[in-house]
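Colleague: Protein chains in written order, with numbering that gives the first Met the number 0: chain A, 0 to 233; chain B, 0 to 233; chain C, 0 to 233; chain D, 0 to 233; chain E, 0 to 233; chain F, 0 to 233.
Simulated from the structure, these hints should not be mistaken for lab results.
There's no promise every hint is true.
So the derived list for chain A, only partly shown, Cβ under 7 angstroms to chain F, looks like this [stated by the list, open to error]: (1) 152; (2) 155; (3) 157.
Quick caveat: nothing in here was measured; it's all calculated off a predicted structure.
For each residue, glycine too, the CB sits at the ideal point set by N, CA and C.
There are 6 protein chains.
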Amino acid sequence: MPAHYVVRSVDRADPEVIAALRAAGVAATHEAAGRTGLLGPAVQPRQHGRAIAGSAITVSCHPGDNLMIHAAVEVCLPGDVLVVTTTSPSTDGMFGDLLATSLIARGVVGLVIDAGVRDIAALHVLGFPVWSRAVHAQGTVKASPGSVNVPVIAAGQLVRPGDIVVADDDGVLALPASTGRAVVDAAAQRLDSEQAKREKLADGTLGVDLYDLRPLLADLGVRYVDRLPQDGEA
Amino acid sequence: MPAHYVVRSVDRADPEVIAALRAAGVAATHEAAGRTGLLGPAVQPRQHGRAIAGSAITVSCHPGDNLMIHAAVEVCLPGDVLVVTTTSPSTDGMFGDLLATSLIARGVVGLVIDAGVRDIAALHVLGFPVWSRAVHAQGTVKASPGSVNVPVIAAGQLVRPGDIVVADDDGVLALPASTGRAVVDAAAQRLDSEQAKREKLADGTLGVDLYDLRPLLADLGVRYVDRLPQDGEA
Amino acid sequence: MPAHYVVRSVDRADPEVIAALRAAGVAATHEAAGRTGLLGPAVQPRQHGRAIAGSAITVSCHPGDNLMIHAAVEVCLPGDVLVVTTTSPSTDGMFGDLLATSLIARGVVGLVIDAGVRDIAALHVLGFPVWSRAVHAQGTVKASPGSVNVPVIAAGQLVRPGDIVVADDDGVLALPASTGRAVVDAAAQRLDSEQAKREKLADGTLGVDLYDLRPLLADLGVRYVDRLPQDGEA
Amino acid sequence: MPAHYVVRSVDRADPEVIAALRAAGVAATHEAAGRTGLLGPAVQPRQHGRAIAGSAITVSCHPGDNLMIHAAVEVCLPGDVLVVTTTSPSTDGMFGDLLATSLIARGVVGLVIDAGVRDIAALHVLGFPVWSRAVHAQGTVKASPGSVNVPVIAAGQLVRPGDIVVADDDGVLALPASTGRAVVDAAAQRLDSEQAKREKLADGTLGVDLYDLRPLLADLGVRYVDRLPQDGEA
Amino acid sequence: MPAHYVVRSVDRADPEVIAALRAAGVAATHEAAGRTGLLGPAVQPRQHGRAIAGSAITVSCHPGDNLMIHAAVEVCLPGDVLVVTTTSPSTDGMFGDLLATSLIARGVVGLVIDAGVRDIAALHVLGFPVWSRAVHAQGTVKASPGSVNVPVIAAGQLVRPGDIVVADDDGVLALPASTGRAVVDAAAQRLDSEQAKREKLADGTLGVDLYDLRPLLADLGVRYVDRLPQDGEA
Amino acid sequence: MPAHYVVRSVDRADPEVIAALRAAGVAATHEAAGRTGLLGPAVQPRQHGRAIAGSAITVSCHPGDNLMIHAAVEVCLPGDVLVVTTTSPSTDGMFGDLLATSLIARGVVGLVIDAGVRDIAALHVLGFPVWSRAVHAQGTVKASPGSVNVPVIAAGQLVRPGDIVVADDDGVLALPASTGRAVVDAAAQRLDSEQAKREKLADGTLGVDLYDLRPLLADLGVRYVDRLPQDGEA
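My request is simple: use the sequences and hints to build the entire structure.
Modeller: See the structure below:
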């Protein structure tokens, strides 16, 4: 029999680190973190233009059952992000405006769920941002146990309690709180470097020159021609 | 050989019932109807913030053929919702702005289609709401027979002619007209009860207390701990 | 070993033809072109209400590798559309705001990519329209060769360098530049004819009469009945 | 709240009719039934070369919960086929060798399940044929109510208790018991007619002649040419 | 309006070339052809252990309509492979034992179809090999025009009439007849080289040594360690 | 920049434990392990009737690149199972008969790969069992770094180096070596208990009685009726 826990204590990252990564955004943080931590593209934003970051409170539910989301609310603190998964794939609408109301009251800044949500119109009115696999009104039960604040896998990515979760229009990323400070620094460097490149590219400099790719293209045997050879096809 | 019919007569639900369910929305109606009637999440709104309800005029088409949609227009009355399926899966754009223009002239309030639509920009200008499986410009023919106002299955859900169809940002639901009045009452009760709960949750009451879930969690063997036991993993 | 080329020269269509097809839009152009040239619905607009047309600069990349997109920028001219594919399916974010900045500097009017994009929020700010299979922040390398301006298959559709690419809310279409003028004429005729039909349909004329479909329905054995026969089911 | 029933009584079709449809097979029965009743291709045989037919005992389960399969065994009679669905999509392994052992003891001839099965190797040893959406070892609970012998939708097809279910290497079909005799006759006619055609086709007669399709091809504007016109593309 | 053709004449490759590529198999031919020509993995063998090669007779059908397969039989010659696509995605069973009987009478060696087949058990008895996207008994009509022997796209790959099609347990490949001889030579070289490597690998030589990959791994910064550094994660 | 490692040392489980879990099989081991460790159903056996267990050597590759599989061979020992993933989804054929030959020479007992394989016919001849997401001949490069023996996620499941991997016709499971002994005991108990149940079920005892489910069904409000109430629908 599986053992089920609600773990009350979570080590959270420094709020300044979290704020810095929210500002950096998912793509830059993903690069700064050595291209790790990204959830798959099936979990999508259900609104436009929202960007959040916070500490992960993780929830593992039985499919079609949102009991453990209710159990998780209590251990959330202001600034947290709720990350919900199911033990097998589900698109059921396990989260809606009542749970959002409850999370808002706790100061939770958003939801990442590898399953479905409902009450989309109300969530927009509440201003509560959600990243989910599906939108579906399908109701769920409260009958089977699960866990809160254990490591979970959401959209193919391991998320541990206390991980820094960053989410915006590009998707969702989770990284260990312990690496946060280093990633902030790397992201800042990257954003600086990108800004310099952006200005050059905007002025018409080509990427093949800016990144010095011409020797690589030659090494790889890429030939520049005016017309495609008749016998050579891609 | 399959027999093909255009059935002219449809028993429609009381307009007050329909209006009440549009106001209740898909999620509450689904709950009030005993969690029945919901179409799968693959049929999605192609606009934001629109909510409709009406009596189903059903159409069964051959894939890649919209002949029977044309045949269906004639039997539509003001307030109806057109529900279109194909006899095998299709994403072709079998519906566009001309058909929308024709349906608007008949007073039809929206389209639910387990296939594709096109002319999306024009549909937005016309203000005609659509729930579909796909957006695709792929043209269709008018060559094969089908039926109008027979029971169909759309996105995994049985829809009968005259069913009350409710559609909003959460998806689409169909329920028998005969159950409409009872569902209106159940939905009203549910919405009242939800409003009371919403206020408590907004004030910080926890769902585990509001719904009295602590005994259930204990019965199910969920243990509250400060740290995850080393040998116990989710 | 595969041969890899960057082909510098592309025969582009007449700008007037391109402008006319942008105005006609994807659905009408698809019909005018004999229902050819349409990409599959998996490549979707990542913004609302944008319509573009231009000459295709095609790129074939190794999955997870955007080297050849960088190589392609140089051969782009104002008014071109970049069309990117991978040699096997990929959702990686091979295109972001830096590449968009570079393409804008070259006068490229948009991107069609059978893979992923990232920096969605920045692309919106830049006003650079994108049609893609996915939004994902997943980073890519610059390590494997590919080709620029060879025939590619994007979303199940052959796209040749210099093809006229039309893209709007309905999806993406590519057609040979040589057929452009004829398609413009056919599209104009179609749009005229549709406008006449639209007015009649708006006045309540039925499509079954406008298109003279009643004899066909009768030929196909479709029967009009008031009630569905008990033994006859769809 | 949904109401849940175990319906004990089911009207079963004549065993001779059932035997005749098993012999006719899924494809011929589907044609004889007016091309109705076919489940979608996602539910696939998990063995080769088995063909069954029987009366449907239907089961509607909560996802991840096989309680109602256990409840259904009692109402099965020799010759029945168990048809299992879930109220939302699931691939969990809700059926394995213990349930198969129990069904074999009841004389049930096979399982059709729009979800997952496990113990595949043991099912092969037992000789119990299964058509399922998935093979997955994922365990399920026994915690949520559902129903036995109510109409269900499996793989996009309505299945009513007592329907004649036919399953073989081509998939699964369900049709109302009341139509069985007529379908048997139509299938016999079809098989006779097919045998005559088979012999002619084997002798080299072309289908376009046998079915007299040349006038239709001409009517539809299909032109026979020796070489594809340069400007005419598919 | 689309133009539809049945093209009677197809330039076929040398039978010796075809035989050599059948012997080489799909994987080796794909490599020898510069990693071009491979159909996507969704088109799968419907039997085990069969390997064929032949000249492509291509068919483009309307979805749900097999009229043009019938029209194609006449232009097939012994040794040909029929390659069937639909103008939009379809899983309908447009091919079964009667068409197989007809093709066998013409000497056709197999079918590649980006859609569904049925009568699977009978096809096995006939020994007619099939590669398809689906197995489904869903019947089709004969009502809409299409073309025979025009370029088509099957499973994301361009196939031209007369292309050499190779198919085995690894999937399906098409390559221009004109490149056949060169590919045969390259495949023979590759198979020789592979045999030499196979013997060394069987003797325990490591691929990193055989292919001299250690310098590359070092260049790419891959570090060999006994234990994973605590702060360094993949 | 991501750091890349080949970790040479892996703590392997006791061979007796591994052998016992191979005998228990995936489904029983999954239950005995508290329903943890199961890979998703998309990774499927590519043969019938094979059952393996061994210690996981994990590989993380760039998509379309099998360099790190070559690097992994060296660290494999007899009895190991190679577990390969890619950093983003891929179906490319990154593994074939040469790599299988090399692994067989090392004593590796099988491959689990969340991507594609090729040379299927040769793998069968070699008797080397494979569980994969796809079969595809698509060739890959050796150009990008990755890691060996770091934690990876395969088909939605975390796999750590040294995990006990069990694979059979039901799929694939991974569990920490440290829990192996306890799981063996639990599996033995379960198999004993199942055997007792199997005998009773074979004798006609019903599961609802054997598992004492009648009170639960009553508690859940499931009603036994002879006929479905007219107003009560599922």
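Colleague: If a hint holds in the structure, say so; if it doesn't, say that too.
Modeller: Against the structure, the hints come out as follows:
{"no.": "1", "hint": "152", "verdict": "holds (6 angstroms)"}
{"no.": "2", "hint": "155", "verdict": "holds (6 angstroms)"}
{"no.": "3", "hint": "157", "verdict": "holds (6 angstroms)"}
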